[in-house]
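Working from the sequences, and respecting the hints, build out all of it.
From first to last, the protein sequence lines are chains Y and U. Take the first sequence: its letters are residues 1 to 167, numbered as in this note's numbering. Take the second sequence: its letters are residues 1 to 392, numbered as in this note's numbering.
Hints were generated in silico from the structure; no laboratory data involved. For clarity, every value in this text was computed on a predicted model and none was experimentally measured. Ideal Cβ placement from N, Cα and C applies to all residues, glycine included. Just to be clear, a hint being listed does not mean it is correct.
Label pairs and their computed distance ranges (CB to CB) [said to hold, decoys possible]: (1) Y:T119 to U:S304: 21 to 29 Å; (2) Y:F13 to U:D48: 38 to 46 Å; (3) U:R219 to Y:S116: 49 to 57 Å; (4) U:Y39 to Y:F9: 31 to 39 Å.
Take a look, some chain Y residues computed to stay more than 12 Å from chain U by CB distance [claimed, not checked]: (5) A37; (6) E108; (7) P155.
Computed cross-link-like contacts, SDA-like style, restricted to lysine to any residue with a CA-CA straight-line distance of at most 20 Å [claimed, not checked]: (8) U:K145 to U:F81; (9) Y:K121 to U:R350; (10) U:K145 to Y:S19; (11) Y:K121 to U:E365; (12) U:K342 to U:N192; (13) U:K235 to U:F220; (14) U:K145 to Y:A127; (15) U:K145 to Y:R140; (16) Y:K121 to U:K342; (17) U:K145 to Y:S21; (18) Y:K121 to U:V355; (19) U:K342 to U:G183; (20) Y:K121 to U:D359; (21) Y:K121 to U:K4.
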Amino acid sequence: MEKYFFIAFIIIFAIWYLSYSATRLDRLHNRVETSWANLDGLLQRRAAVALEIAKSEIADPASSLLLTAAAHQARDAQMRARSQAESGLSGALGLLLHDGHLVSGSIEKDLLRELSELTDKIRVAIALHVDAVNRTQMVRRKPVFRIFRLAGRAPLPVTYEFEADVL
Amino acid sequence: MNQKKLRIGLVCPYGWDTPGGVQSHVRDLAEYLIAKGHYVSVLAPVVDEEKAPEYVTSAGKPIAIPYNGAVARLLFGPIAFARVRQWISNGKFDLLHLHEPAIPSISLLACWAAEGPMVGTFHAAAKRQKAIFAIGPILEPVIEKLTARIAVSEAARSTLTEHLETDAVVIPNGIYADRYRDGEVVEKWSGNTIGFIGRYEEPRKGLPVLLEALPIIARFAPDVRVLVAGPGESKEVIESIDPQLRSRFEFLGRISEKEKADFLSSVAIYVAPNTGGESFGIILAEALAGGAAVLASDIPAFDSLLGHGEFGALFKSEDPRDLARVAIDLLRDSDKRRALAKRGKEYAQRFDWDVVAEDIYSIYEMALVGSSGVTLSSENRAWNRFLGREGS
Chain Y
1 MEKYFFIAFI IIFAIWYLSY SATRLDRLHN RVETSWANLD GLLQRRAAVA LEIAKSEIAD
61 PASSLLLTAA AHQARDAQMR ARSQAESGLS GALGLLLHDG HLVSGSIEKD LLRELSELTD
121 KIRVAIALHV DAVNRTQMVR RKPVFRIFRL AGRAPLPVTY EFEADVL
Chain U
1 MNQKKLRIGL VCPYGWDTPG GVQSHVRDLA EYLIAKGHYV SVLAPVVDEE KAPEYVTSAG
61 KPIAIPYNGA VARLLFGPIA FARVRQWISN GKFDLLHLHE PAIPSISLLA CWAAEGPMVG
121 TFHAAAKRQK AIFAIGPILE PVIEKLTARI AVSEAARSTL TEHLETDAVV IPNGIYADRY
181 RDGEVVEKWS GNTIGFIGRY EEPRKGLPVL LEALPIIARF APDVRVLVAG PGESKEVIES
241 IDPQLRSRFE FLGRISEKEK ADFLSSVAIY VAPNTGGESF GIILAEALAG GAAVLASDIP
301 AFDSLLGHGE FGALFKSEDP RDLARVAIDL LRDSDKRRAL AKRGKEYAQR FDWDVVAEDI
361 YSIYEMALVG SSGVTLSSEN RAWNRFLGRE GS
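So, in structure tokens, the structure goes:
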């Protein structure tokens, strides 16, 4: 009799554990989605600011052209090409701003300040997103999650490779 | 901060009544956010509920247990857990900010019980511990629920990476820099003085190292005096001092904030000979902001806080001779000392709450993206999704 109780206990525990693990993974997927939404929003805003800068007096015609192209590319890029396009935009912005020429006019100053605030936020957002993705990939590699296919049909999240030092 | 007003729940794992780094961090942050117009509620273990400020909710009386080499006042157990759950469901918070969620106290319970945007701040820096590996598998899924993690120092961050394999954003602890900016030079504390603030009875605060170094310092700087401020029984300590040196010591007892500012402006050197157990070293940030030339042991937290010696002098931890050597060097060269103090003071502005709280707030904003507030966690998330039910 005791033996049956024991087996029943094991089965109940196993069911609970699987359910708990599925919840855990679901939560992680959720975290990946929200952190990506956050990062995506910030990157979109950066592209918009970059376009503004391209139109403003900060940029000479040549860098303006470069910047506009890079910003559009970043906006239109598909998920997998996204990080490369964004790095391209970072590079273009870096080229323009590294020259360190004097900026006059309050609109231009506002633009540059907004850009630097956004850059700080993006840096943090990338860290949050990368952490969520790594975590999810790690958990999904665990045997329990693989054998019982707890991930369901959710796609494996892609790591966002961003050349942080270009920012 | 020109944003909408939030409902923020802060959880402090240590007893509110006992002074400590985490407690004062939580208190200052809560008061800063309240001043900005947010609704803030702090959940903490409290002994005397009468004395606690209005924004603090008690989760019960803390239990004193030895943890991580010191006696910590923590709280856990079913009754505490029930209170944590009640606080979360009554609070209707937009966001929870849990402090030190990896130690067995109410922050961990809150992390377990809640779901939604949660930010965790890790204060402690510890060496690699076997015990953590044993409880890692239990801790991992809980810590994983945090939307964003903050570490107060590089040391705390590497502890987190080693123990829980997760990364964090470094945001330092905050100080009210303007409180220390305009300290007045007090005659009786100035001259060739070495200042020390802290619970000097605790060996890890390093007063014994200073005691040992003093005879050497006195040989080269005959008029040197040591001023010790902070709570404690000075009698025993005084008896342990060599009678010939006793007259050089002055115990000031607990000092007020204003006195602290004056103290830091007056002393020639502020010394922090701590032998370990520090993760951040808030007192050093305050000493720098107060315009003191800082001399500290080279434990990792201090080394990184002082920019590897750029903003304050370092000596080899637990080495009285090295302490004496650097102290004498500073006492003799007042130009060098002043330049060091000036660099330090400018640098300390980055620890001001105006900067630090802004950084914390931008983490909040990121955690809030696409969320609809904090709820009690449901272990049925996956089932709901599977059955096609909406919500959560």
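Status of each hint after checking the structure:
1. Y:T119 to U:S304: 21 to 29 Å: Given range 21 to 29 Å: holds, Cβ gap about 24 Å.
2. Y:F13 to U:D48: 38 to 46 Å: For F13 (chain Y) and D48 (chain U) the Cβ distance comes to about 43 Å; the hint holds.
3. U:R219 to Y:S116: 49 to 57 Å: holds (53 Å)
4. U:Y39 to Y:F9: 31 to 39 Å: violated (45 Å)
5. A37: violated (5 Å)
6. E108: holds (22 Å)
7. P155: Holds, because the least Cβ-Cβ distance between P155 (chain Y) and chain U comes to about 15 Å, which exceeds 12 Å.
8. U:K145 to U:F81: Distance of about 17 Å is within 20 Å: holds.
9. Y:K121 to U:R350: holds (17 Å)
10. U:K145 to Y:S19: Distance of about 16 Å is within 20 Å: holds.
11. Y:K121 to U:E365: Within the cut-off at roughly 10 Å; holds.
12. U:K342 to U:N192: holds (18 Å)
13. U:K235 to U:F220: violated (27 Å)
14. U:K145 to Y:A127: Between K145 (chain U) and A127 (chain Y) the Cα gap is close to 16 Å, so the pair holds against 20 Å.
15. U:K145 to Y:R140: holds (16 Å)
16. Y:K121 to U:K342: violated (31 Å)
17. U:K145 to Y:S21: Holds: K145 (chain U) and S21 (chain Y) sit about 13 Å apart, inside 20 Å.
18. Y:K121 to U:V355: holds (14 Å)
19. U:K342 to U:G183: holds (14 Å)
20. Y:K121 to U:D359: Given that 20 Å is the threshold and the Cα spacing comes to 9 Å, the pair holds.
21. Y:K121 to U:K4: Satisfied, since the Cα-Cα distance of roughly 18 Å is no more than 20 Å.
When held up to the earlier numbered hints, the structure conflicts with 4, 5, 13 and 16 and fits the remainder.
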